[in-house]
Amino acid sequence: MSVISIENLVKTFGRVRALDGLDLRVEPGEVHGFLGPNGSGKSTTIRILLGLLRRDSGQVRLLGGDPWRDAVALHRRLAYVPGDVSLWPNLSGGEAIDLFGALRGGLDHRRRDELLDRFALDPTKKCRTYSKGNRQKVAIVAAFASAVELYVLDEPTSGLDPLMEAVFQEEVRQLTGAGASVLLSSHVLAEVEALCDRVSIIREGRVVEAGTLTELRHLARTTVTVETGRPLTGVTDLPGVHEVRPVDGRVRLEVEPAHLDTLLAYLVRFEVRALTSAPPTLEELFLRHYGDHADSDRTASVGGAR
Amino acid sequence: MSSFTGTSRLVRLALRRDRARLAIWVLGTPLIGYALAQSVAGLYPDEQTRLGYAETAVTSVVARAFNGPIAGTELGAVVVTETYLTLALLVGLLSTFAVIRHTRQNEETGRAELLGAAAVGRYALLTAALVVVLGANVLAAALLALAFVGAGLPVAGSAAAAAAICGVGVALTGIAAVTAQLTVTSRGGNALAAVAVGVAFLLRAAGDVLGQRESGGVRLDSAWPTWLSPLGWGTQVRAFGAERWWVLALPVALLVAGVAVAFVLTERRDFGAGLLAARRGPARAARGLLSPVGLTWRLHRGALAGWAVAVAVLGVCMGLAGNEVDAMIADNPQTAEVIAQLGGGAELVDAYLAAMLGIFALTLGAYVVQALLRTRNDETDGVLEALLATAVGRTRWLGTQLLGAVLGALALLLLAGVSTGLGYGLAAGDPIGWTVELGAAALLRLPALLVVAGVVAALFGVLPRVSVALSWSVLIVFLLLGQLGAVLDLPQAALNLSPFTHIPSAPAADLTVLPLVLLTAVAATLFAAALVTFRHRDIPG
Chain S
4 MSVISIENLV KTFGRVRALD GLDLRVEPGE VHGFLGPNGS GKSTTIRILL
54 GLLRRDSGQV RLLGGDPWRD AVALHRRLAY VPGDVSLWPN LSGGEAIDLF
104 GALRGGLDHR RRDELLDRFA LDPTKKCRTY SKGNRQKVAI VAAFASAVEL
154 YVLDEPTSGL DPLMEAVFQE EVRQLTGAGA SVLLSSHVLA EVEALCDRVS
204 IIREGRVVEA GTLTELRHLA RTTVTVETGR PLTGVTDLPG VHEVRPVDGR
254 VRLEVEPAHL DTLLAYLVRF EVRALTSAPP TLEELFLRHY GDHADSDRTA
304 SVGGAR
Chain U
5 MSSFTGTSRL VRLALRRDRA RLAIWVLGTP LIGYALAQSV AGLYPDEQTR
55 LGYAETAVTS VVARAFNGPI AGTELGAVVV TETYLTLALL VGLLSTFAVI
105 RHTRQNEETG RAELLGAAAV GRYALLTAAL VVVLGANVLA AALLALAFVG
155 AGLPVAGSAA AAAAICGVGV ALTGIAAVTA QLTVTSRGGN ALAAVAVGVA
205 FLLRAAGDVL GQRESGGVRL DSAWPTWLSP LGWGTQVRAF GAERWWVLAL
255 PVALLVAGVA VAFVLTERRD FGAGLLAARR GPARAARGLL SPVGLTWRLH
305 RGALAGWAVA VAVLGVCMGL AGNEVDAMIA DNPQTAEVIA QLGGGAELVD
355 AYLAAMLGIF ALTLGAYVVQ ALLRTRNDET DGVLEALLAT AVGRTRWLGT
405 QLLGAVLGAL ALLLLAGVST GLGYGLAAGD PIGWTVELGA AALLRLPALL
455 VVAGVVAALF GVLPRVSVAL SWSVLIVFLL LGQLGAVLDL PQAALNLSPF
505 THIPSAPAAD LTVLPLVLLT AVAATLFAAA LVTFRHRDIP G
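Protein sequence lines correspond, in order, to chains S and U.
Here the first sequence is numbered in this note's numbering, starting from 4 and rising by one per residue.
Here the second sequence is numbered in this note's numbering, starting from 5 and rising by one per residue.
Some hints could be false.
[What the hints assert, rightly or not] Distance windows between CB atoms, simulated:
#1 Val-13(S) - Ala-533(U): 25 to 31 Å
#2 Arg-131(S) - Ala-290(U): 16 to 22 Å
#3 Leu-494(U) - Gln-62(S): 54 to 60 Å
#4 Arg-541(U) - Ser-5(S): 24 to 30 Å
#5 Arg-541(U) - Asp-164(S): 37 to 43 Å
FYI, nobody ran anything at the bench for these hints, they're computed from the structure.
No residue lacks a Cβ here, since even glycine has one placed at the ideal position from N, Cα and C.
Sequences are here, hints too, so could you generate the full structure?
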């Protein structure tokens with residue numbers, strides 16, 4: 004059974020359709036990357052999963068229950084780290100951690116101290132004196148010190164330095180190693196690449212792409228640059244070939260993975276002297292979905308040629 | 005770039021942010037002033053009635069403590085004595101909140117950091133706040149003077165009275181400019197300034213109670229504590245009775261001094277920091293903190309302690325003053341007659357004590373509103389989201405907040421009754437008996453506070469976005485109905501809107517149970533509505 008299963012979820016705020024038929028599935032034991040530009044509906048989805056917002060329509064199951072109706076029972080089995088952590092200014096960090104742990108139904112004190120140490124967080128400081136990164140550490144330590152089935156992390160590392168980012172990644176691996184699942188909303192692509200088993204890319208309230216990173220790469224076009232002995236002609240008419248343009252006496256084009264074979268067979272007739280082929284980078288993959296013109300018949304802005 | 009660069013832009017920003025508040029302030033003050041002046045004129049139409057009023061004002065310790073000295077027997081002097089405290093506190097608190105809002109609150113929320121990174125000078129934020137607040141005070145004073153003139157009062161006196169009232173706003177602007185530099189939070193800055201207002205009130209009351217009556221008139225020669233109080237200066241202007249214009253220089257001097265200190269502090273302290281440093285806390289939470297109830301107690305105990313000290317001190321003082329009512333009756337049968345009428349024919353002291361308990365109950369309404377509005381505060385700053393993502397249900401959370409506010413109000417009410425009873429008992433004899441009687445009488449006011457709590461909670465459930473403004477507005481309406489309803493001669497139907505109207509005024513009146521039961525039922529209904537609506541609404545981020 005899936006840890007999170009969302010089908011055709013719709014949520015509107017007045018006239019704004021924040022979620023417009025969203026589907027999302029997180030399987031047990033996986034780290035699921037949840038990506039999308041700002042305002043695309045990631046946090047709205049997470050708030051519905053936490054029972055803070057009520058869905059307009061669609062199916063949502065969380066750990067086998069209804070996130071709105073069974074909120075309290077489900078919250079004992081999950082831990083949440085918000086992107087913008089706000090704490091009680093006059094409590095110390097240690098008090099806030101213990102409080103969150105207790106309200107969630109208990110926390111492993113040995114693990115708490117170990118995490119404080121690893122994240123180099125001083126628990127005696129008052130919350131009002133913490134920086135953004137340190138407030139995030141409070142929420143991360145409080146969440147990770149609870150042994151729960153699901154961790155919902157909404158841009159948890161946006162304020163952390165690279166050293167702490169590395170610690171964060173190790174800790175997440177430890178959680179999934181123990182069998183937990185993670186829903187990770189993030190803009191840090193290196194983090195996504197390092198941690199996520201599968202990703203869902205959301206745009207304007209619906210998921211536009213979902214799968215493993217390898218699968219997503221296969222959906223995107225490969226950039227081919229070729230130098231031929233004879234002038235290259237007729238290549239624009241081949242199936243699956245786009246954006247053909249001359250560059251420094253060579254030709255650069257984009258080809259859909261399914262038609263790579265046909266293209267290569269065609270190219271050899273023109274005496275190929277040099278050929279490079281580059282799969283899309285992660286950035287290109289995401290930019291394709293994040294950008295303003297990410298409709299189906301435009302490709303990613305490959306290689307900065309535009 | 006000078007230290008003041010960007011001030012004019014920040015002034016425009018503040019005006020844009022506060023246009024509604026400022027309009028209410030600048031137009032509301034003269035409107036209230038006009039209405040009060042009209043009604044007082046109706047109550048004291050001739051020299052004879054005004055002489056009686058002035059005689060009471062100068063003889064009665066209670067009147068001296070609350071209204072301050074009267075400047076003469078002209079109609080204007082009566083109007084000022086009746087309206088000064090209300091209008092001065094209104095203007096003073098509005099000035100304080102506005103200064104803090106545009107300085108410390110900007111720093112606390114990080115908005116000032118964005119502004120400070122732009123071409124904005126070090127002093128610009130504070131200067132802009134001062135320009136806006138002082139501008140509002142000057143404008144309000146001008147309109148208030150016109151309102152008094154419009155109500156048929158002489159021009160010079162009207163100008164002096166308006167300047168005296170808005171002078172309190174000017175003086176408190178200077179105080180708030182300093183407190184904004186001392187604390188890290190705007191809540192703390194407001195609290196410090198509020199403490200200053202409380203001290204100013206007590207100083208003025210003490211100075212006026214200890215003052216000597218001038219021979220051959222109704223004027224009072226106030227003792228020195230009054231001259232230390234910004235609230236006292238306004239009364240010393242003696243509007244409508246041989247005005248002493250030079251006294252108006254005192255609030256201006258305090259403003260100049262306060263602003264100078266504030267600028268020096270701005271120079272000395274780090275951005276975002278206060279002068280009162282944050283202490284460290286425990287590395288681990290005590291067991292008692294680890295529940296919604298424990299957290300609520302932790303978050304409320306500071307404010308509760310502050311209120312408790314203020315209530316206890318005021319209660320004992322008012323109780324001690326109660327004995328003066330007795331003494332006054334012996335000295336002055338004419339005054340006794342006046343107060344007996346005011347007290348509805350009841351025993352004079354009982355009427356006085358009942359009135360004090362009523363004022364306490366209304367004031368504690370502010371505690372209830374402030375304590376319960378933390379709910380909305382938690383929602384807007386995101387703490388609520390994190391809390392409800394744990395295994396704490398919505399009903400449990402809001403229920404705990406309600407419980408905290410109600411228990412706090414109950415404790416403070418009891419303390420108010422007990423301390424007043426103790427003060428009166430110490431002066432008049434039988435402290436234990438009076439402590440018990442007034443403690444019980446004070447608790448009878450609880451149902452009205454329950455209704456206030458119900459209104460705030462229901463607003464939080466149904467109309468969260470406007471719940472802060474509406475909650476305070478409702479309390480102010482209750483306050484105005486209670487304090488001014490009788491003076492303004494409002495119809496009973498309007499007075500009945502306030503739950504405080506329905507409380508039997510023990511110990512002056514007999515105990516009637518029905519209104520208390522009905523008020524409690526209304527409160528229970530509002531609580532239920534709050535819990536149900538909050539259970540079913542969205543909590544947007």
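Hints, one by one, checked against the model:
| no. | hint | in the structure |
| --- | --- | --- |
| 1 | Val-13(S) - Ala-533(U): 25 to 31 Å | 29 Å, holds |
| 2 | Arg-131(S) - Ala-290(U): 16 to 22 Å | 19 Å, holds |
| 3 | Leu-494(U) - Gln-62(S): 54 to 60 Å | 57 Å, holds |
| 4 | Arg-541(U) - Ser-5(S): 24 to 30 Å | 28 Å, holds |
| 5 | Arg-541(U) - Asp-164(S): 37 to 43 Å | 39 Å, holds |
This entry satisfies every hint, going by the numbered hints stated previously.
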